[in-house]
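Trainee: Here is what each chain is made of, one letter per residue.
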Amino acid sequence: MMEILQILLSESFWAASLRIATPLIFGVLGALICEKSGVLNLGIEGIFVAGAMAGWIAVWAGAGLWGGLLFAALAGGFFGLIHALLTVPLGLSQHVSGLGITLFATSVSYFIYRTALPTATSPPRIEPFRPLDLPILSDLPFIGPVLFQQTAMTMLALGMVVLVWYVLNRTALGVALQAVGDNPDSVDAQGLSVYGLRIGAVVAGSALMALGGAFLTMSAFDAFFFGMVNGRGWICIALVIFASWRPGKALLGALLFGAFDALQVRLQTEVGAMVPGQVFLMAPYILSIFALVIAARKADYPRALLTPWFKGQR
Amino acid sequence: MIRIEPRAAPSRLMTVGIPVLSAVVALALAAIPLAFAGAPIFPAYAQMFHGVFGSMFSFSEMLTRATPLIFTGLAAALAFRARLWNIGAEGQLYLGAMAAVAIGTGVLDIPAIFLLPLIITFGAAAGAAGMALPALLKTRFGADEVVTTLLLNFIILIFLQMMLEGPLKDPMGLGWPQSAPILDQGMLPTLMDRMRVHSGLILALVIAAIAQFMLIRSVWGFRLRAVGENAAAARHAGIGVKRSLFGVAIISGGLAGLAGVSEVAGLKGYLTADLSPGFGYTGIVVAMLAGLSPAGVVLAALFIASVFVGADSMSRAMGVSSYLADLVVAMSLLCVLVGGFFARYRITRSVRVAS
Numbered sequence: 000m001m002e003i004l005q006i007l008l009s010e011s012f013w014a015a016s017l018r019i020a021t022p023l024i025f026g027v028l029g030a031l032i033c034e035k036s037g038v039l040n041l042g043i044e045g046i047f048v049a050g051a052m053a054g055w056i057a058v059w060a061g062a063g064l065w066g067g068l069l070f071a072a073l074a075g076g077f078f079g080l081i082h083a084l085l086t087v088p089l090g091l092s093q094h095v096s097g098l099g100i101t102l103f104a105t106s107v108s109y110f111i112y113r114t115a116l117p118t119a120t121s122p123p124r125i126e127p128f129r130p131l132d133l134p135i136l137s138d139l140p141f142i143g144p145v146l147f148q149q150t151a152m153t154m155l156a157l158g159m160v161v162l163v164w165y166v167l168n169r170t171a172l173g174v175a176l177q178a179v180g181d182n183p184d185s186v187d188a189q190g191l192s193v194y195g196l197r198i199g200a201v202v203a204g205s206a207l208m209a210l211g212g213a214f215l216t217m218s219a220f221d222a223f224f225f226g227m228v229n230g231r232g233w234i235c236i237a238l239v240i241f242a243s244w245r246p247g248k249a250l251l252g253a254l255l256f257g258a259f260d261a262l263q264v265r266l267q268t269e270v271g272a273m274v275p276g277q278v279f280l281m282a283p284y285i286l287s288i289f290a291l292v293i294a295a296r297k298a299d300y301p302r303a304l305l306t307p308w309f310k311g312q313r
Numbered sequence: 000m001i002r003i004e005p006r007a008a009p010s011r012l013m014t015v016g017i018p019v020l021s022a023v024v025a026l027a028l029a030a031i032p033l034a035f036a037g038a039p040i041f042p043a044y045a046q047m048f049h050g051v052f053g054s055m056f057s058f059s060e061m062l063t064r065a066t067p068l069i070f071t072g073l074a075a076a077l078a079f080r081a082r083l084w085n086i087g088a089e090g091q092l093y094l095g096a097m098a099a100v101a102i103g104t105g106v107l108d109i110p111a112i113f114l115l116p117l118i119i120t121f122g123a124a125a126g127a128a129g130m131a132l133p134a135l136l137k138t139r140f141g142a143d144e145v146v147t148t149l150l151l152n153f154i155i156l157i158f159l160q161m162m163l164e165g166p167l168k169d170p171m172g173l174g175w176p177q178s179a180p181i182l183d184q185g186m187l188p189t190l191m192d193r194m195r196v197h198s199g200l201i202l203a204l205v206i207a208a209i210a211q212f213m214l215i216r217s218v219w220g221f222r223l224r225a226v227g228e229n230a231a232a233a234r235h236a237g238i239g240v241k242r243s244l245f246g247v248a249i250i251s252g253g254l255a256g257l258a259g260v261s262e263v264a265g266l267k268g269y270l271t272a273d274l275s276p277g278f279g280y281t282g283i284v285v286a287m288l289a290g291l292s293p294a295g296v297v298l299a300a301l302f303i304a305s306v307f308v309g310a311d312s313m314s315r316a317m318g319v320s321s322y323l324a325d326l327v328v329a330m331s332l333l334c335v336l337v338g339g340f341f342a343r344y345r346i347t348r349s350v351r352v353a354s
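In order, the protein sequences belong to chains Y and S.
Under numbering that gives the first Met the number 0, the residues of the first sequence are numbered 0 to 313, in order.
Under numbering that gives the first Met the number 0, the residues of the second sequence are numbered 0 to 354, in order.
Hints were generated in silico from the structure; no laboratory data involved.
Fair warning: there could be bad hints in the mix.
What the hints assert, rightly or not - Here are some of the chain Y residues that sit facing chain S, going by a computed Cβ distance under 10 Å: (1) 88; (2) 89; (3) 107.
Glycine is no exception: its CB is placed at the ideal position from the N, C-alpha and C atoms.
Using the sequences and the hints given, assemble the complete structure.
Mentor: Rendered as structure tokens:
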């Protein structure tokens, strides 16, 4: 018990929690934007892979870190656009199209990686984002190491939470976006484009997801590996339901998840001899299922989620 | 003004023609990545064709590859018919494989003749149990089965690694994380001398035929289709929707479990953590290409297996990454989706009549 308390009070634990949460924050926000407009995007897992690959390879080719992020976002937007075109104007099954995008984005990424680096056994490394060193802020006790010694991408993720919350709740665009996921007919009656809003939301959401992937290769690690996304996209889909489609609760969900993951790594070193390590590896996925089961009943689904809408048909 | 109008009913020609056309288009689109990789396009296609139909052996390899895909394709097709989104066939496959080696490696003292039927039964039951949990979470708590089955895939894969380093580990395996081999009498017999194609294929074909018959002709199949087409109407007509969903979940999971049994007791003989190169996920593509029809699953599995075996051979001969095959498989899924749209709707230009 004392050990756990000691872990929970250490700044390295909270810094690790926020670091682990960062890709999930991008992913959950991206999935949230898509679903708010009425479109489930199961392409997320593949878009994570595409973002991780695209960002990394752009930096490797000399685009610079911010150029890499832009490239990752564009790649995510591209796959999002395919998903949007299939599910919005064509109204095809969002489940199947999303899984198709995941398979497509993953195989495109792996194929490009293998074609660009046919013989590399150990992938070349890039110079990733460095931890921030801000005057005064980074030197604050506790808050400094936890918050202001993260990389710029973590700051970007936290900024995105505020931005997404602001746009959804305080702008006309956000109101229209929420309405199109609840009652597209009313949006159409006001003369706004249901197709335009939904396609825009899916493209923007997918670009955010890709940044979550890019965090893995450009901040958490410095290289691209096969299978490195490892279900993080699916965890985001569960977290959106847990967050009941609110940006603030999405941040909370991602942080709780990060804290749990950071805790299990530390507990593993404490009691590792008694329990097989795999029990700890399973924990994040089991936790996600639990979160889903707890939240599912009272989840406030966007009412038109999964329902296609065609112009001129009521 | 462009309008989208539903067709009265998709013609028979379209139900068969569109998947075939989608497969051809996806194969043709492979020219883009081939050109990107700098390979000569036509020789590459010729090599892919030769890699499947060039010899009896390569053809039998294709059949071997198709066998697990028929099982996982059926698992997806039946569940999707009832709009139960079982994306967990990959995990259920490994549950089936684990059950097969758990009882097939000589822990039970039973007459040899019973061993294979027991392996098949337990493998199917393990897969079914793997899908029963998400089905229960869905019907009891309303937890979305897409997410739970996807997450369970990861949990089961980690559980598998734990088993292969623990209770299922081969003591003679020189420390490799692999299971002991299944006894000879527990193996599915091979069908041809010096070829790897095994009687798991026969089992898959028989089950596909039964599934096709049951889906079209039986009360069970009628209920299943009714639940999938309109759950509210089915409930109104007195069909136990939850029971139907649970039933198809069990069958779907069991079929995925059989894919694992077939791979481990028909092909490999022992279990490692890389038994399946994503057969569970590919099964979804097979099911969609098949238009969710069990008979179609057989043909779609043969096509997808040809793509994999052909691309492997081409990849070895020309140095193009074998991820090309995954790319073609993903593109065929997207193509058949779009094709399905044109089967159900037509796009017309309506001329506004001046009043």
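Trainee: Taking the hints in turn, state whether each one holds.
Mentor: Hints and how they fare:
no.	hint	verdict
1	88	holds (8 Å)
2	89	holds (5 Å)
3	107	holds (6 Å)
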